[in-house]
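Let the hints inform the model, and build the full structure from the sequences given.
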Amino acid sequence: MKTLNYGQAIHRALEFAMEKDPSVFVMGIGVDDHKAVFGTTKGLLEKFGRERVFDTPISEGAMTGVAVGAALGGMRPVHIHIRSDFLYLAMDQLLNMAAKWRSMFGGAASVPIVVRAVIGRSWGQGAQHSQSLQSLIAHVPGIKVGMPTTPADAQQMLLAAIADPNPVVLFEHRLLYDIVGELPEPDWAVEFKRAVVRRPGKDLTIVANSYMAVEALKAAEFLQEHGIEAEIVDPVTVVPLDEAVILGSIRKTGRLIVIDTSWTFCGVSAEIAALAAEKAFSSLKQPVLRLGMQPTPCPVSKPLENLFYPNAGTIADAAFKMMERRSPELRAPVLTHAFKGPF
Amino acid sequence: MSAKADRELLGKLYRLMLGIRLAEEKIVELYPTDKIQSPIHLSIGQEAVSAGLALAMGEADRLYGTYRGHGPYIALGGDLKKLFAELYGKDTGCARGKGGSMHLVAPEAGLMGCSAIVASTIPIATGHALASQMRGRRYAVLSLFGDGGVDEGVFFESVNFAVLKNLPIVYVLENNRYAIHSTVPDRHKQTELFRIAEGLGLRGERFDGNDASNVYATAKRAIDAVRAGSVPALLEYTTYRWREHVGSQEDYAAAYRAPGEREEALAHDPLQITRKALIEAGASPVELDGWRSQVLQEVEEAVRFAEQSPSPAPGRLLADVYASR
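Protein sequences appear in the order of chains V and L. Numbered continuously in our numbering, the first sequence closes out at residue 343. Numbered continuously in our numbering, the second sequence closes out at residue 1325.
Some hints here could point you the wrong way.
[As the list claims (entries may be wrong)] Okay, derived cross-link-like pairs now, BS3-like style, lysine-lysine, Cα gap no bigger than 25 angstroms in a straight line: (1) V/Lys-285 x V/Lys-252; (2) V/Lys-340 x V/Lys-218; (3) L/Lys-1012 x L/Lys-1220; (4) L/Lys-1276 x L/Lys-1026; (5) V/Lys-20 x V/Lys-42; (6) V/Lys-302 x V/Lys-340; (7) L/Lys-1165 x V/Lys-42; (8) V/Lys-35 x L/Lys-1165; (9) L/Lys-1165 x V/Lys-47.
[As the list claims (entries may be wrong)] To be clear about the criterion: a stretch of chain V counts as covered by chain L if any three or more of its residues have a C-beta under 8 angstroms from a C-beta of chain L, and this derived list gives those stretches: (10) 53-67; (11) 89-96; (12) 101-115; (13) 163-170.
Just so you know, these hints were derived from the structure itself, not from any lab. Even for Gly, the Cβ is constructed at its ideal location relative to N, Cα and C.
So, in C-alpha cells, the structure goes:
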C-alpha cells in the first residue's frame, strides 16, 4: 500500500502503463509543460521522450481522430483534456467514429483509446470550465465512461481503461485532485465495471458519483448524528453501469436519492432513477429524488455558484425530506477543499 | 519503362477500372429492385483515381476512404462477393451487414474504413500515419476524400499536425466537381484546392484524375517519397461524377450541372482513355473484351453469392458494440 493523492495516483498509473507497454503514449494540450496537467504527466517526457509524450495543436476534433487512427495502427493513446468542456469539439470523432468503428465495420477492428477529461468546479470556473459531459457520451453505444472518485479508483480505472480494447472516457473532478488515499499495487487486470458502496446504511440509498460522492459522504456523517443511516453508492463506471450493486442497495433501503455532477434532465441521475423504476419499483417506499446542477449554465458569482451545485447541506435536506423529517436548524457543514484556483 | 512493362501496367489499371465500372453498372441495374436498401454513392466516371492509387500503394500501405467507397474497395482488391453481400446487408458482407455501402472495409487489402461523415476519416488516417512513424515508418497512409472534404475544420487541423510531425501521409483530394450539388466556387474563394493548405506547409499538386496511368505515376512518386521520409503531400485529381450524388440515376438535366457536361464526361471517360492507350501499346480489342466478360462473370457470381447468403441472425444485433478483453 502506498498513500498518494488523486493526481499522483493518475501519474503512477500512466508511468506504470508506459513502462509496461511501449505502445502507450500520452498526448494533449499542456502534457509536456511545467504544470503537467496538475502533475499527472510530470517527468514522463524526460523518462519516455517526446515521441510518447507530446503537446498537441489546439485541435480537439482532429486530435481525437488522430488518437483513433493511432489506435487502429496498433498504439494505445491517452488523450488528455484539462477541462472536459472542450470535448464538445471532439464529439464527431468520439461518437460518430470511435464509438461506432467496431460495430459499423462488423467487428473488423477495435479502437482502444483513452480520453481523460477534467471537470472544473468553484473559484469561478463559469459556464465553460465546469461541465460534466458523462451523460452525453454515455448516451451513445460503443464507448465506455468512468468517473473515478478516490485515488485508488483513479489509478486502477486508468489502467483498466488503457488495457480495455474499447474507447474509454474518464472524467476526473478537479476537486478530487487533493484527496489522499491508499493505493494498491498497479494492476492491469481490474475490471471496468464497478459501483462501490462507500458507506453502508439501512435507511436510504444515496447514489452519488465523482465529487458528489464526497459531498454525500459528508452529508451522511451529519445524517448519522441525527439518527439517519444513509448508504452511499458510487457508480464509478457509468458505462457499463454496475446495476447489481445499485439495485441491491435500493432493495435493502427502499429509498433512493440520486446525485450527479451534471444536470438532472436526461442525465445519469435520470438513468439511475429509471433503473430503480424498472427493476426495483416494488422496493421503493417513496418517489425517487434527484439532485444535480441547476438548469442553467454555471454562473461565476460565488453566491450564485453556491446555489448552482448540490452540496452536503442540500443532500442532507433531501434526505430529511425523504425520511419525512424536518431539517435541523443546524446545517450540514460545508465541505472544505484545498482548491484555490485559478484553474 | 519498357513497352512491355507499360502495357502490363495499363492492363492492370484497365482491369481494376473495369471491375469498378461493371460492378457499379450492376448496382445501377439492381437498385430499383430495392434489394440494396442503403444509400449508394457511385464512383462511375471516377474509376481512374481509385485504380491509380491502388496500384501505386505498397502492400503494407493503408487507405481511409469515404462513403463513395466502391471504387477504392474494388481497386484495392477487396473481395467482390463480400462487397455485394454488404450492399445486400448480409452476414457474409465485409462489415457483416452492419455497414452497407457507406462503410466498406477490407483491412486485409489495405482499406481501413470508410465513413459517411464528410472529412471524418482524414484525422484518423493522420493518426494511423502517426502510428506508422512511431513504429519505424514502414508504410504510408493515404487519406482519400472529395472536394467537399476540404470544407471541414478537421482537414486543416489534421494537415497542420501531419506537417508539424512530418507524418508519412498522402492526402488525396478526388475533385469530382460537386459537393452534393454545390460547386467549388460556391464554397471557396481559393478554387485551386491543391493550394488550400499551402499556408500550413502542405505542398499540393493538381493532376488529371481521368488518366489512370497518370494517377498511378504521380501517386507512386508521392507515396514512395513519404515512406522514405519526405514531408506529407496533397494530390488533387480532377475528375467528374457521372451520376447523382446519392442514388443510381443520372441527373444531367438538374440545375447545378452545366449544359454539355454529359458529352464532356463521355469524351474523358477514364476507361476509354486507358483502353485507347492499351490498344496503342499493342493490346488487341478482342483480348480486352475477353477481360470484360471475365469481370462480368465475377460480378454475376458476387451477386449470386449475396442473394444466397444469410441475413445476420437476430443475435448479431448487439454483437460487436464492445470488444472484450
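Query - Holds or violated: L/Lys-1276 to L/Lys-1026, with C-alpha atoms at most 25 angstroms apart - result: holds (24 angstroms)
Query raised in the report: Within a Cα-Cα threshold of 25 angstroms, do V/Lys-285 and V/Lys-252 meet the stated pairing?
Result: holds (11 angstroms)
Query raised in the report: Going straight from one Cα to the other, do V/Lys-302 and V/Lys-340 come out at no more than 25 angstroms?
Result: holds (13 angstroms)
Query raised in the report: Is L/Lys-1165 within 25 angstroms of V/Lys-47, Cα to Cα?
Result: Between L/Lys-1165 and V/Lys-47 the Cα gap is close to 20 angstroms, so the pair holds against 25 angstroms.
Requested in this report: Mind checking the alpha carbons of L/Lys-1012 and L/Lys-1220 for me, to see if they're no more than 25 angstroms apart?
Outcome: Holds, at roughly 15 angstroms.
Query - 25 angstroms Cα cutoff - pair L/Lys-1165, V/Lys-42 - result: holds (23 angstroms)
Query - V/Lys-20 paired with V/Lys-42 [C-alpha distance capped at 25 angstroms] - result: holds (18 angstroms)
**Report entry** Distance restraint between V/Lys-340 and V/Lys-218, which requires alpha-carbon spacing of 25 angstroms or less
**Finding:** Distance ~20 angstroms between V/Lys-340 and V/Lys-218 Cα, so the pair holds.
Report task. Given that the stretch 53-67 of chain V was listed as covered by chain L, double-check it with a C-beta distance under 8 angstroms for 3 or more residues. Result -> holds (count 10)
Report task. Check whether three or more residues of the stretch 101-115 of chain V sit with their beta carbon closer than 8 angstroms to a beta carbon of chain L. Result -> Contact hint for the stretch 101-115 of chain V vs chain L: holds, 10 residues under 8 angstroms.
Requested in this report: Assess, step by step, whether the Cα of V/Lys-35 is no farther than 25 angstroms from the Cα of L/Lys-1165, and give holds or violated.
Outcome: holds (23 angstroms)
Requested in this report: Tell me if chain L covers the stretch 163-170 of chain V under the three-residue, 8 angstroms CB rule, please?
Outcome: holds (count 4)
The structure shown violates none of the earlier numbered hints.
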